[in-house]
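K.L.:
With the hints as constraints, model all of the structure from the sequences given.
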Amino acid sequence: MSNVKQLPIQLQKLGEIRFEQLYPQQKQELALVRLLALSDFAWRCLTSQPELKNWLLCNTEIKNRVIAAPFIDLDLNNIDERDCHKLLRQYREKYWLKVAFLDLCCDNPIADSIKYVSQLADNLIESANQWAYTQVAKTNGEPLNEQGQPLPLMVLGMGKLGGQELNYSSDIDLIFAYPRNIKTQGGRRSLEAQVFYTKVAQKLITALNQVTVDGQVFRVDMRLRPFGESGPLVMSFNAIEDYYQEQGRDWERYAMLKRRLIGTPNIYFSEFNQLLKPFVYRRYIDFSVIESLRKMKLMIAQEVRRKRLTNNIKLGAGGIREVEFIVQALQMVRGGREANLQTQSLLHALKELSLSQVIDELEAKDLQKNYLYLRKVEQYLQIFDDQQTQTLPDEELNQQRLNYLLNQPDFSATLSYLEHVMGQIHNEFNHVIGEETEPLDTCEGAFISTWDHGDVSFLNDPREDWQTPLHDFKQRISKAKVGNRGRNILDKLMPVLLKQMNDFNATAETFNVICQILNKIISRTAYLELLYENPGALKQLVLLCCYSKWIGEHISLYPILLDELIDPAVLYKPTPLSAYKDEIRQYFLRIEPDDLEMQMEALRQFKQTHQLRIAAADATDVMDVMKVSDHLTALAEAIVDQAVNIAWHNCVKRFGMPPSTNDESKGFAVIAYGKTGGFEVGYDSDLDLVFVHNHDGSSQTNGVKPIDSRQFYLKLAQRLMHLFNTRTASGILYELDTRLRPEGASGLLAINLESFNHYQQTQAWTWEHQALVRARLILGQAEFVERFAQIRKNILCQPRDKKVLKDDVIKMREKMREHLATGNEQQFDLKQDVGAMTDIEFITQYLVLNYAQQFEELCVYSDNVRILTDAAKLGCITKAQKQQLIQAYINYRSRYHVLSLDQQGRCTERAQFSDDIKNVTAIWQTVFELS
2 MSNVKQLPIQ LQKLGEIRFE QLYPQQKQEL ALVRLLALSD FAWRCLTSQP ELKNWLLCNT
62 EIKNRVIAAP FIDLDLNNID ERDCHKLLRQ YREKYWLKVA FLDLCCDNPI ADSIKYVSQL
122 ADNLIESANQ WAYTQVAKTN GEPLNEQGQP LPLMVLGMGK LGGQELNYSS DIDLIFAYPR
182 NIKTQGGRRS LEAQVFYTKV AQKLITALNQ VTVDGQVFRV DMRLRPFGES GPLVMSFNAI
242 EDYYQEQGRD WERYAMLKRR LIGTPNIYFS EFNQLLKPFV YRRYIDFSVI ESLRKMKLMI
302 AQEVRRKRLT NNIKLGAGGI REVEFIVQAL QMVRGGREAN LQTQSLLHAL KELSLSQVID
362 ELEAKDLQKN YLYLRKVEQY LQIFDDQQTQ TLPDEELNQQ RLNYLLNQPD FSATLSYLEH
422 VMGQIHNEFN HVIGEETEPL DTCEGAFIST WDHGDVSFLN DPREDWQTPL HDFKQRISKA
482 KVGNRGRNIL DKLMPVLLKQ MNDFNATAET FNVICQILNK IISRTAYLEL LYENPGALKQ
542 LVLLCCYSKW IGEHISLYPI LLDELIDPAV LYKPTPLSAY KDEIRQYFLR IEPDDLEMQM
602 EALRQFKQTH QLRIAAADAT DVMDVMKVSD HLTALAEAIV DQAVNIAWHN CVKRFGMPPS
662 TNDESKGFAV IAYGKTGGFE VGYDSDLDLV FVHNHDGSSQ TNGVKPIDSR QFYLKLAQRL
722 MHLFNTRTAS GILYELDTRL RPEGASGLLA INLESFNHYQ QTQAWTWEHQ ALVRARLILG
782 QAEFVERFAQ IRKNILCQPR DKKVLKDDVI KMREKMREHL ATGNEQQFDL KQDVGAMTDI
842 EFITQYLVLN YAQQFEELCV YSDNVRILTD AAKLGCITKA QKQQLIQAYI NYRSRYHVLS
902 LDQQGRCTER AQFSDDIKNV TAIWQTVFEL S
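Under this note's numbering, the first residue of the sequence shown is numbered 2, with each subsequent residue one higher.
Because the hints were derived from the structure by calculation, they are not lab data.
Don't take each hint at face value.
[Claimed, not checked] Using C-beta positions, here's what the derived DEER-type ranges look like: (1) LYS139 to GLN211: 14 to 24 angstroms; (2) LYS816 to ALA527: 48 to 58 angstroms; (3) GLU554 to GLY229: 27 to 37 angstroms; (4) GLN587 to GLU554: 26 to 36 angstroms; (5) GLY745 to SER666: 53 to 63 angstroms.
[To be verified] Result set (BS3-like, lysine-lysine): computed pairs, CA atoms no more than 30 angstroms apart in a straight line: (6) LYS6 to LYS139; (7) LYS116 to LYS204; (8) LYS880 to LYS919; (9) LYS99 to LYS377; (10) LYS139 to LYS14; (11) LYS116 to LYS95; (12) LYS493 to LYS521; (13) LYS880 to LYS803; (14) LYS352 to LYS370.
If you're wondering where the values come from, they're calculated on a predicted model, not measured in any experiment.
Heads up, the beta-carbon is just placed ideally off N, CA and C, and yes, glycines get one too.
P.N.:
Here's what the structure looks like:
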């Protein structure tokens with residue numbers, strides 16, 4: 002029965018003490034003393050079930066390999082969950098104790114032990130499956146095939162379980178499937194197949210995985226199923242076939258080599274195996290798999306280094322995993338042509354490879370011997386305390402146990418012999434697979450591992466803040482419809498992207514923004530390939546997203562902009578200010594003039610492309626804030642000009658032209674207010690515009706369907722609103738705000754320029770004259786330009802009651818601050834707080850309205866900086882005040898631009914601008930004579 006040899010004194014004493022505690026005043030059985038000395042797990046088992054002593058000592062039982070069922074002679078309908086869990090766990094404890102006795106006391110061949118453990122595991126899983134199915138079917142009925150037979154839940158065992166090589170304390174990898182999508186019959190209510198089998202699977206997992214007072218049967222790992230953790234728990238045969246045909250990857254082929262259906266064979270076993278075979282085994286000799294396995298081994302080697310796994314007999318060089326790689330690589334290469342290699346058993350496959358002379362007979366024997374030696378060591382390590390470990394022990398007690406079992410005099414000798422065994426395996430691995438080589442950049446492999454495992458701890462310098470966005474992104478793409486080509490490109494792209502992000506020290510927020518972009522292009526393989534094949538474009542993407550959240554989100558909204566990243570020389574060189582109008586005209590020469598939909602898309606794409614170039618130059622400090630605003634303003638003006646041309650063409654085609662007009666002289670003009678008028682357009686600015694014309698209602702257009710000229714210009718303005726505000730696939734163009742027109746929202750959308758003048762002279766409020774300070778004509782023929790300049794100057798130079806003007810401006814400012822300011826004691830609202838940008842704008846407007854009657858020069862410009870400069874020259878404010886106001890204004894706008902690019906609102910730390918706030922507030926007090 003047992004092969005008893007003398008234990009070292011310390012172990013002998015431990016075994017005797019434990020035996021005496023369990024079986025006081027009984028004759029000591031040397032085999033049991035040995036078992037108790039060598040295994041803490043066996044000690045716990047016999048403590049909970051001491052009656053198993055005689056069962057273990059029965060010679061017939063120790064030789065017996067017939068597998069008894071946990072629920073023998075029991076009606077599954079009458080076993081509740083608690084009893085089920087108890088019976089399964091007691092069964093597992095009993096038979097794992099027997100295996101421990103076989104291995105530690107009987108020198109049982111390790112090949113027999115791992116097969117026996119696998120068969121016992123099969124029995125436990127199948128019993129749990131039958132019980133779970135019965136319990137769910139009791140109330141819900143069961144799916145039946147055409148012959149009225151129940152359709153079972155199919156349980157696919159993976160890894161060592163599938164190969165019937167399960168180690169002692171292994172977890173189990175499972176995949177669940179069902180044959181047909183057929184509703185249940187015979188229950189209180191009918192369930193869809195997916196719902197029914199999910200309930201069965203959940204009960205099965207709980208029966209095995211849940212830790213109770215009786216312990217746990219197995220840790221159940223479902224991550225190998227299609228789509229991983231985010232995938233459905235169970236899938237139909239058809240769905241599984243579709244997944245592996247369309248999305249299955251090399252590592253999944255490797256995993257599927259070991260697949261094995263668990264339980265009593267039924268009519269669906271063959272169907273399911275045939276369904277998976279084309280994915281796993283290719284009809285041709287497939288050497289491409291070698292590179293994939295080499296890459297996988299590299300990742301494992303890096304994992305060993307990352308976790309500082311020393312003395313690991315599974316994952317280390319020459320470990321168990323390398324033997325598995327050797328055999329499975331050759332199976333995948335040749336298995337499609339040589340059916341004898343299509344086996345889940347490593348030992349059987351190794352034998353067939355030798356018979357086929359793929360591996361030399363002597364080498365195969367050495368490989369088998371060394372593999373089984375490591376498996377025996379692994380078995381001992383796990384039996385010591387029923388822990389899943391492959392690492393040689395640090396504790397003296399377990400080192401003594403291992404030395405004793407391996408017949409080594411001390412731990413140094415044990416290590417030396419293991420090094421010899423693993424060295425032989427590693428040499429064979431290099432011969433078949435090839436030495437895994439570190440990438441030229443030693444970091445690169447870590448990034449591959451990080452992506453493949455979705456775990457940032459693989460990085461040499463782990464970025465914990467990346468874990469959540471990485472996990473979320475992997476979950477999202479697991480559900481996305483991505484073909485094989487797309488997934489392969491993504492798997493190549495992501496490690497490179499992670500490295501670029503690491504190089505630029507990207508934050509989690511930047512990671513999220515980049516993931517937004519990838520989510521948008523995930524099903525468009527051409528864009529993924531663009532980024533992978535153009536490292537410079539990928540670098541620019543990461544760089545710009547690090548600089549600016551706005552840029553990242555802009556690209557995510559409009560992925561076509563990725564093309565712009567290819568050539569940095571163009572990307573960081575915005576169009577000259579004077580060239581935007583010419584460029585947009587050239588751009589539109591390629592578009593049919595009657596294709597309105599295409600024209601609307603083209604306007605948006607032109608804006609997006611050029612905004613990206615401006616933002617890139619802005620974010621990387623190629624341009625200062627003033628130049629940035631100049632470019633954004635010039636871009637907006639060019640787009641308005643082109644949009645007017647489109648709207649004009651459309652209206653003329655329908656209604657004809659008003660008298661005395663043509664394509665160059667349209668009798669129509671656009672007045673820009675606010676930021677557009679003041680050359681301060683931002684990235685997300687709306688456009689404050691007023692439309693004017695020079696016709697009255699008595700004239701008519703010359704078309705087939707003539708309308709009066711005033712109505713024509715209203716139609717023209719409405720068409721412009723449509724061009725700008727309609728949301729297409731590329732979003733809106735700009736938000737057009739026309740409320741500054743005479744009579745506001747209730748006024749005509751397009752008004753005669755002289756009517757505009759009359760309103761400004763007779764009805765406009767002070768705040769409307771303030772707005773006029775920042776107004777300028779951005780489109781219109783020469784006579785419009787001259788007439789508007791004259792009207793504006795006349796209005797601004799009107800004599801005003803200084804006290805009334807001052808009170809009106811202060812009241813309006815206080816009203817705005819009350820409703821719009823968002824700052825507090827710590828945070829400063831750059832726009833609306835006391836001492837902020839709007840205060841500077843109101844000071845500027847007040848200076849113009851108060852002094853323009855005296856100094857017409859104040860009416861020349863519409864931007865704050867040049868007005869303040871002229872005001873200082875004319876003595877309206879001091880030179881020092883001018884410098885302080887301009888400096889504060891530029892400082893505020895620069896910070897506001899940075900916040901805008903990062904989409905962080907308009908509040909910033911108050912302390913950062915304390916001097917500017919103090920200066921602007923003091924000047925406000927002086928200008929408005931409040932101190």
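K.L.:
If a hint holds in the structure, say so; if it doesn't, say that too.
P.N.:
A quick look at each hint next to the structure:
no., hint, result
1, LYS139 to GLN211: 14 to 24 angstroms, "holds, 20 angstroms"
2, LYS816 to ALA527: 48 to 58 angstroms, "holds, 53 angstroms"
3, GLU554 to GLY229: 27 to 37 angstroms, "holds, 28 angstroms"
4, GLN587 to GLU554: 26 to 36 angstroms, "holds, 29 angstroms"
5, GLY745 to SER666: 53 to 63 angstroms, "violated, 29 angstroms"
6, LYS6 to LYS139, "violated, 54 angstroms"
7, LYS116 to LYS204, "holds, 26 angstroms"
8, LYS880 to LYS919, "holds, 17 angstroms"
9, LYS99 to LYS377, "holds, 16 angstroms"
10, LYS139 to LYS14, "violated, 54 angstroms"
11, LYS116 to LYS95, "holds, 17 angstroms"
12, LYS493 to LYS521, "holds, 18 angstroms"
13, LYS880 to LYS803, "holds, 23 angstroms"
14, LYS352 to LYS370, "holds, 12 angstroms"
When each numbered hint is compared with the structure, violations occur for hints 5, 6 and 10.
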